[in-house]
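> For the protein sequence lines, the chains are C and E, in the order given. Numbers 1 to 248, taken from our numbering, label the letters of the first sequence in order. Numbers 249 to 496, taken from our numbering, label the letters of the second sequence in order.
Honestly, the hints are just simulated from the structure, not real lab data. Take these hints with a grain of salt, some might be off.
What the hints assert, rightly or not - Here are the computed distance ranges between Cβ atoms for each label pair: (1) C:Thr74 <-> E:Ala427: 32 to 40 Å; (2) C:Asp27 <-> E:Arg371: 33 to 41 Å; (3) E:Glu418 <-> C:Arg160: 30 to 38 Å.
What the hints assert, rightly or not - Calculated pairs, EDC-like style, for lysine to aspartate or glutamate (alpha carbon to alpha carbon, straight line, at most 20 Å): (4) C:Lys201 <-> C:Asp150; (5) E:Lys335 <-> E:Glu437; (6) C:Lys87 <-> C:Glu54; (7) C:Lys201 <-> C:Glu133; (8) E:Lys335 <-> C:Asp89; (9) E:Lys335 <-> C:Glu130; (10) C:Lys87 <-> C:Asp61; (11) C:Lys87 <-> E:Asp337; (12) C:Lys87 <-> C:Glu115; (13) E:Lys335 <-> E:Asp370; (14) C:Lys87 <-> E:Glu378; (15) E:Lys449 <-> E:Glu378.
To be verified - Examples of chain E residues toward chain C, derived with CB under 8 Å: (16) Val256; (17) His260; (18) Phe341.
Even glycine gets a Cβ: it sits at the ideal position worked out from N, Cα and C.
There are 2 protein chains.
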Amino acid sequence: MRRDGRPVPRLHVSSPLAAGTRVPLSDGQRRYLARVMRLGQGDAVRLFNGADGEWLARLGDGSARCDGRLRAQTPGDGPWLLFSPPKRDRLRFLVEKATELGAGRLTPVTLERTEPPAARPDRLAAWALEAAEQCGRLDVPACRGQRTLDEALGDWPRDRVLYLCDASGEGRPLAGPAAGPAAFLVGPEGGFAPAELEGLKARPMVVPVSLGPHVLRVETAAAAALAAWQTLTAVAGVATGRDGAAAP
Amino acid sequence: MRRDGRPVPRLHVSSPLAAGTRVPLSDGQRRYLARVMRLGQGDAVRLFNGADGEWLARLGDGSARCDGRLRAQTPGDGPWLLFSPPKRDRLRFLVEKATELGAGRLTPVTLERTEPPAARPDRLAAWALEAAEQCGRLDVPACRGQRTLDEALGDWPRDRVLYLCDASGEGRPLAGPAAGPAAFLVGPEGGFAPAELEGLKARPMVVPVSLGPHVLRVETAAAAALAAWQTLTAVAGVATGRDGAAAP
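Take the sequences, apply the hints, and build the full model.
In structure tokens form, the structure reads like this:
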């Protein structure tokens, strides 16, 4: 906490973090700290880079110097999210919520009923980074360019289950134990095309699941799937005596 | 489905619905059907009123005539959501997501760190209604005016558990079996004040829960709690041989 009770600003950087290391800050970060947060030399910030945990650092001239480590890095193997991108602020909310709820990778996918425009990966990455800074994550979800379903499912890792979020009501509810690597696929507002659905269900890694009785918007389905997964993982962890935190 | 493959428009009305009944439509509904959906006399719409299920109806002159019932009414006892209202589009998203994810009642609450302005119940109700029409719900969450915590917890029903969504990381994960009436309380971005948290934990109906390892925004926490609840309820229903749908 800062003296005024507000949390110490948290920034993602790309440099290595270690005791005594001086970390350069981007122009945007310097402007943000000076103009929005009104911080100056000697003030505290928190830094993370997705590899070295979270560090307390002191602002210097255009850089920050690592003081001490606040948290060790945890392995980030959150579920992957494949989704038909909704438009405008719904897309931003999807990325923000998926980041807060622990998604490890975001892949926009073009399905038959997906409407243009394609999601820009640089925008997804910027939103994901901002959400990661805000929510206390130690990593940032990897944001990929939009691709076809076949491209997205090519080279699929053998042990990763792909939960197909199927609004047709036929899937069973997502159930625990939520073990092993997972991914979720959320279709467009108009739903999957029948042939698409059949093709998906024929793939060995696909498990259709239902997310409840209502027709969910894309960003709602994405958040609901990830939230349910976190809770099931946490409950399974408590039941087996492991840590109750949802992140593995 | 309409001939063009789009779903038949779905409208909430306040009149009773029964075979042959003529249901008046509001000016807004008539404009929407004519100008946005480009429908005219004889075209099909779906109607629901929170009491009589969902009906297929045909458009007449300023009204619609009930043809046949598509779905019977189900008891709507979704969890209540008490929340410190976020601002602008985040508030709208909260209401929309909570409606899609089955909340039965929405109550904005003023906590110590809640920032003005107060949420307007007429706006909440309009957003909830729109989301209920879109997501296929048979009822609309009740939207209440903003009130203090003491007011919100006055006359609390004995059997309704209030899950306190506590970002301090001390709560246990929300766990099943998700039985009986429930409510969730989500605090402001700055968190609950220490005295507020102590006071809440001393109340007999309060159960602190954790929604995972990250700091969630208000609207994310609300959606995550309701989604986790739906999934736990559905899983419990499957395990005991009851219907797999999340709504009781």
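> Please flag the earlier hints that this structure goes against, numbers listed from lowest up.
6, 7, 10, 15, 16, 17
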